[in-house]
Amino acid sequence: MSKTQNIFEMAQQQLDEASELLGLDQSTREFLRWPMKEIDVTLPIKMDDGSVKVFRGYRVQYNRALGPTKGGLRWHPDETIDTVRALAAWMTWKTAVVDIPLGGGKGGVTCNPLELSETEKERLARAYIGAIAKDIGPTVDVPAPDVFTTPQIMSWMMDEYEKIKGESMPGVITGKPIDIGGSKGRASATARGGLFIAREAVKLQGQELKGKTVAIQGFGNVGGWAGVLFKEVGCKIVGISDISGAYYNLKGFDAQAMFDYVGKQGSLAGYTEDGMQAFDNPMDVLEMDVDILIPAALESQITSENAERIKAPLIVELANGPTTPEADAILFKNNKFVIPDFLANSGGVTVSYFEQVQNAYNYYWEEDEVNHRLDQKMTAAYKAVYDMYCRYDKKVDMRKAAYMVSIARVAKAAKLRGWI
Amino acid sequence: MNTTYEYLQAALNKAPNLSDKIIQNLLIQLHNRKIVSIEKIYQESRKKIPSLSEPDAKRNKNPNAGIVPQWGKHEKEFIRETVIKYAAGYFSIQEIDHTINYVAKTEKAFALENIANLPGVSFWLLAEKVHEFCNLPESEPIPLSMATGIRVALLKNFISDNLQFIRIARKFIRITDLDPIIKRTLGSETGSGKIGGKAAGLLLAYKILTDEYSGDEDYEYFQKNVFMPESFYLRTDVFEDFLAYNGLVEYQNQKYKSIDEIHDEYPLIRELFKNADFPPAIKRQLQGLLEKIGEVPLIVRSSSLLEDNFGTSFSGKYDSIFLANQGSLDQRLSALIAAIGEVYSSGLGPDPLEYRKEHDLLDYFESVAILIQKVIGERFGDYFLPLWAGVAFGRNEYQWTRQLKYEDGLIRMVFGMGTRSVDRVSDYPRMVGLTKPLLRPEATPRDIKFYSQKKVDVIDLKSNTFVTMTLDEILDKIQTPDLTKIFSTFKDNHISDPIGSVQFDRDGIPVVTFNNLIKDKKFPELISRMLKKLEKAYGSPVDLEFAYADNKLYLLQCRPLAQRMSEEMIQIPETIPEQKIFFRSERDVPNGLIKNIEYIIYCDPLDYNQIPDNDKMLLARVISKINRLLENKTFILLGPGRWGSSNIKLGIPTRYSDINKTKMIIEIARESGGYTPEVSYGTHFFQDLVEANIFYMPLYPDLSTTYFNPEIFTHCQNKLSELVPVYTRFESVLRIYRIPECFPNQYFHVYMDREHQKAIGFISSDENS
Chain R
-13 MSKTQNIFEM AQQQLDEASE LLGLDQSTRE FLRWPMKEID VTLPIKMDDG
37 SVKVFRGYRV QYNRALGPTK GGLRWHPDET IDTVRALAAW MTWKTAVVDI
87 PLGGGKGGVT CNPLELSETE KERLARAYIG AIAKDIGPTV DVPAPDVFTT
137 PQIMSWMMDE YEKIKGESMP GVITGKPIDI GGSKGRASAT ARGGLFIARE
187 AVKLQGQELK GKTVAIQGFG NVGGWAGVLF KEVGCKIVGI SDISGAYYNL
237 KGFDAQAMFD YVGKQGSLAG YTEDGMQAFD NPMDVLEMDV DILIPAALES
287 QITSENAERI KAPLIVELAN GPTTPEADAI LFKNNKFVIP DFLANSGGVT
337 VSYFEQVQNA YNYYWEEDEV NHRLDQKMTA AYKAVYDMYC RYDKKVDMRK
387 AAYMVSIARV AKAAKLRGWI
Chain Y
10 MNTTYEYLQA ALNKAPNLSD KIIQNLLIQL HNRKIVSIEK IYQESRKKIP
60 SLSEPDAKRN KNPNAGIVPQ WGKHEKEFIR ETVIKYAAGY FSIQEIDHTI
110 NYVAKTEKAF ALENIANLPG VSFWLLAEKV HEFCNLPESE PIPLSMATGI
160 RVALLKNFIS DNLQFIRIAR KFIRITDLDP IIKRTLGSET GSGKIGGKAA
210 GLLLAYKILT DEYSGDEDYE YFQKNVFMPE SFYLRTDVFE DFLAYNGLVE
260 YQNQKYKSID EIHDEYPLIR ELFKNADFPP AIKRQLQGLL EKIGEVPLIV
310 RSSSLLEDNF GTSFSGKYDS IFLANQGSLD QRLSALIAAI GEVYSSGLGP
360 DPLEYRKEHD LLDYFESVAI LIQKVIGERF GDYFLPLWAG VAFGRNEYQW
410 TRQLKYEDGL IRMVFGMGTR SVDRVSDYPR MVGLTKPLLR PEATPRDIKF
460 YSQKKVDVID LKSNTFVTMT LDEILDKIQT PDLTKIFSTF KDNHISDPIG
510 SVQFDRDGIP VVTFNNLIKD KKFPELISRM LKKLEKAYGS PVDLEFAYAD
560 NKLYLLQCRP LAQRMSEEMI QIPETIPEQK IFFRSERDVP NGLIKNIEYI
610 IYCDPLDYNQ IPDNDKMLLA RVISKINRLL ENKTFILLGP GRWGSSNIKL
660 GIPTRYSDIN KTKMIIEIAR ESGGYTPEVS YGTHFFQDLV EANIFYMPLY
710 PDLSTTYFNP EIFTHCQNKL SELVPVYTRF ESVLRIYRIP ECFPNQYFHV
760 YMDREHQKAI GFISSDENS
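Sequence lines, in order, name chains R and Y. Our numbering applies: residue -13 is where the first sequence begins, and numbers increase by one. Our numbering applies: residue 10 is where the second sequence begins, and numbers increase by one.
Okay, chain R solo, but in the shape it has when bound (with noise of 0.2 angstroms):
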């Protein structure tokens, strides 16, 4: 059995789990546990030295029952359907629990970007759209970038979808650049979306964001949002990793300058401020003593090996997957206050979602309203989840109260449809 295989598996079992203790019935478990449609297709492209190379693709729609399919195109040399399939599955989870009127799909080409000149990429591109143009559509399944395709893939693909239907669609792409129907705060809305939801588990407790101390694993774009904004609502961001190492200062780090100086350097080696420590293992920031930690780096990286070591009492998950099933298991008894992944970090999703949004309307909102958006869903998508652990007497933790909230409200869906 291949790995791919396992991943699918995988969310068939985290499936099961939520359906087990939701009490649905057998054929809706069947139901939810497979994709609706999958499209595989052949692609000849012409290259540059005039050869003809033949690639494969894949679209997998894996429920519409709340709407249409949304989710990522990924260009990558080991793409196989199972693969697509089985992200496909936590795309509909994920838009699910965020309550937005979308289902979960994705696709890719298996294809070795490095190897494809930019003329390669684009014929490659519309390709792709030709043969898939008939089953996408802003009302039916929108794609957006993923591994290794970018705005300008976007571009050509929409461009693509509009020649052959003929007409002004931009709301069948997603992550397009804001100059041809791009949204405005696409860049920070995951860890934006990240801090309304950390914002909302402080209050559910009586408590706010100011004063309280962060460690932040990882430092890219979603990691360096996070620093950024929760040091605007006075969090003090006193750990930070990213491959270059592990950096405390208990003073507080200035985190603009240090994600504007990732911006143009790439990493934070060599970067100093007042009062900060570098350590080698990146991984230590993990183990710090603060009130909220948020991994924003790989997945696995809270492992039954390390879970009995962390000291925060809330984790934010903006990276996927970062906490192991053991090691999940060992936080909740803990008391360990998990956000999970398709939660917490679907503040991304929702910007996409208000970017088909603004393209069906073709009026595109200030960057202030589209964060006043997300803030509403965010926030309301918190407590959805909070009220499911509640009414479970927190006895299940918050990762599969969400898993609850989504496929109840999928399996609803489908039922209102008389599907099953």
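Among the hints, a few may not be true.
[As the list claims (entries may be wrong)] Every beta carbon over 10 angstroms from chain Y, so not counted as near; a handful from chain R, in silico:
(1) Glu3
(2) Trp20
(3) Val27
(4) Asp34
(5) Leu102
(6) Arg112
(7) Ala113
(8) Glu194
(9) Lys217
(10) Asn306
(11) Asn321
(12) Glu352
(13) Glu355
(14) Lys380
[As the list claims (entries may be wrong)] Quick partial rundown of chain R residues pointing at chain Y, CB under 10 angstroms, derived from the structure:
(15) Glu101
(16) Glu104
(17) Glu106
(18) Ser141
(19) Pro163
(20) Met269
(21) Ser286
(22) Glu291
(23) Asn357
(24) His358
(25) Thr365
(26) Ala366
If you are wondering where the hints come from, they were derived from the structure by calculation, not from laboratory data. Here a beta-carbon is modelled for each residue, glycine too, at the ideal position from N, C-alpha and C.
Position chain Y relative to chain R; hints supplied.
Positioned in the frame of chain R, the structure of chain Y alone reads:
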């Protein structure tokens, strides 16, 4: 008698020394053009002679006499008269002029060749003869054999006596090309010396590209598109005058001292040379030069006889010094003299002397010429820089994908002074693989931004210094439409290239991509054609330096591609016993040879998979520590998947500085370990490895053509706990073997043959002994 007759007579009377040769030449022309045969002229002349003397009559019966007979003194006058009569009758005055000029030129050429071949002839005496020759009135070219002889003699005197250089240069550099070079050469009136390797390489390359007599049709293309910076030369003998004048001759023996002594004494020598002076005559010439060219930035480069020659490249061993060259004449002159002194001294530093020792060149008397060039650049306020500059290589060592062909070459280019593309700095020049210029080893906008140039080298005219600035700092000072060819903008995770050639929009983070320049195709095509044409003429691939300013591309340097190990033919040893072989591979093999490896640091992919993720992160730190501890040892690293990836699933998450002391990195791509065999994919720091001469090779143990046997080290002690006791627990995953310890008196060696795609790593005795 017609006027032509009188004209010819007068001309002959004017040049009595040449008159015999002119008559002879006219006679041959009359014969060759079938106007009148030599025989007939001869007969006609004989008739006019009242009586022949005995010896002349005898000779005329000699059947072995050629068609141009040897004239006796009686015959000569009559024959001369006959030739003049016919020539005046049949040739125009212009034709007669041509003949006279041709004869004069041939005579001068003979004289020139004779002088040029005299031992120790003074530079200016020879220069005068060249000048005279070049100023002769136009005529038929002298015979090629004669011209070649003279060219060789002159090249040896003026430029370089390297035979390989001369073999190529004699085909392209004409006698008339030398006159302008001589005029730009500085040195004493009586001395003799050359202008050295670097200057020679540049001149030759430029001539190869633009020579209209070469038979290639593209010379006009190159004449239109490639330019040479204005250059001046200080002959090699000026160096000797400098040493003598300042009492520094003793330092020529510095090379025979121990490396420690060389090291210790070098700072003092440098100061002495920097503060030394030139003999007054030379100083006057330098002053004249500065007066002539004005306050423009200059670069003072060495052009030693060893440097940039075929076979030994002194690449970067001598200093090149930039001078802003601003201020009063006195100030500028002092700065120039100090700079020349400093360049002279740099040949006595530890680096070049060590290099000469390694290449058996110590006993050669090293005389350094100096090349003074106007720096190519544009002035923006107080700053001076070229818009782009870089190096192009005839072979591409940096193939991050098989789409790029080795033979198509590579450009490394930067915004600003080219120093950032030739020196090893912690920055990222744009690498342009000439097979597909727009391909780059990064796919996401964020990675493109990260792996792009961050700083710019410029000349600060105000402070008279060479400075490094950030992109933001310099962009505040520059306004030119050409920026749209250099920069793209990163904003909202999107990289966009400027539209048209309007002002560059700075809304977002500027990223040096050269996208618009490369997309236009003209630039990569020009470089590609230059590399190909030069390779054809040199008979080997070349590397060249270039800079662009004021809408012109300048060639700054050209030389045969350094004879690195990777260019050599590697013979894979065939008779190594099986139990001594660690690996054999036949896929993605680079070219190179690493002998006498003392340590092998090996992380097994399957073991790596077993350890917790935290330990995977920490393992990178452990390797970093070992890298520092073994800094002065020869060691190689073998490990799972992609070194340098930040993703622990793909390999040990080391950064370049964690592994920079290794001689080689082997990425083990084992499918059963869950790693993709597409190893080079994602190795972003590959560029760093190429720069640091660290070999990189993927190894695919699952392929049937690969042999991989870590078992040969089973009996070896793992040195990990000895080196880093605090990390003893990593012994199960990281193995460090000290080869001479577990295989007494033996070392590990790696042979890699790119051409036949074969590599072998094995244990055997010390290969240097």
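Against the structure, the hints:
{"no.": "1", "hint": "Glu3", "in the structure": "holds, 24 angstroms"}
{"no.": "2", "hint": "Trp20", "in the structure": "holds, 26 angstroms"}
{"no.": "3", "hint": "Val27", "in the structure": "holds, 21 angstroms"}
{"no.": "4", "hint": "Asp34", "in the structure": "violated, 7 angstroms"}
{"no.": "5", "hint": "Leu102", "in the structure": "violated, 8 angstroms"}
{"no.": "6", "hint": "Arg112", "in the structure": "holds, 17 angstroms"}
{"no.": "7", "hint": "Ala113", "in the structure": "holds, 18 angstroms"}
{"no.": "8", "hint": "Glu194", "in the structure": "holds, 31 angstroms"}
{"no.": "9", "hint": "Lys217", "in the structure": "holds, 21 angstroms"}
{"no.": "10", "hint": "Asn306", "in the structure": "holds, 12 angstroms"}
{"no.": "11", "hint": "Asn321", "in the structure": "holds, 22 angstroms"}
{"no.": "12", "hint": "Glu352", "in the structure": "holds, 15 angstroms"}
{"no.": "13", "hint": "Glu355", "in the structure": "holds, 17 angstroms"}
{"no.": "14", "hint": "Lys380", "in the structure": "holds, 29 angstroms"}
{"no.": "15", "hint": "Glu101", "in the structure": "holds, 5 angstroms"}
{"no.": "16", "hint": "Glu104", "in the structure": "holds, 5 angstroms"}
{"no.": "17", "hint": "Glu106", "in the structure": "holds, 9 angstroms"}
{"no.": "18", "hint": "Ser141", "in the structure": "holds, 9 angstroms"}
{"no.": "19", "hint": "Pro163", "in the structure": "holds, 5 angstroms"}
{"no.": "20", "hint": "Met269", "in the structure": "holds, 5 angstroms"}
{"no.": "21", "hint": "Ser286", "in the structure": "holds, 5 angstroms"}
{"no.": "22", "hint": "Glu291", "in the structure": "holds, 4 angstroms"}
{"no.": "23", "hint": "Asn357", "in the structure": "violated, 15 angstroms"}
{"no.": "24", "hint": "His358", "in the structure": "violated, 19 angstroms"}
{"no.": "25", "hint": "Thr365", "in the structure": "violated, 25 angstroms"}
{"no.": "26", "hint": "Ala366", "in the structure": "violated, 26 angstroms"}
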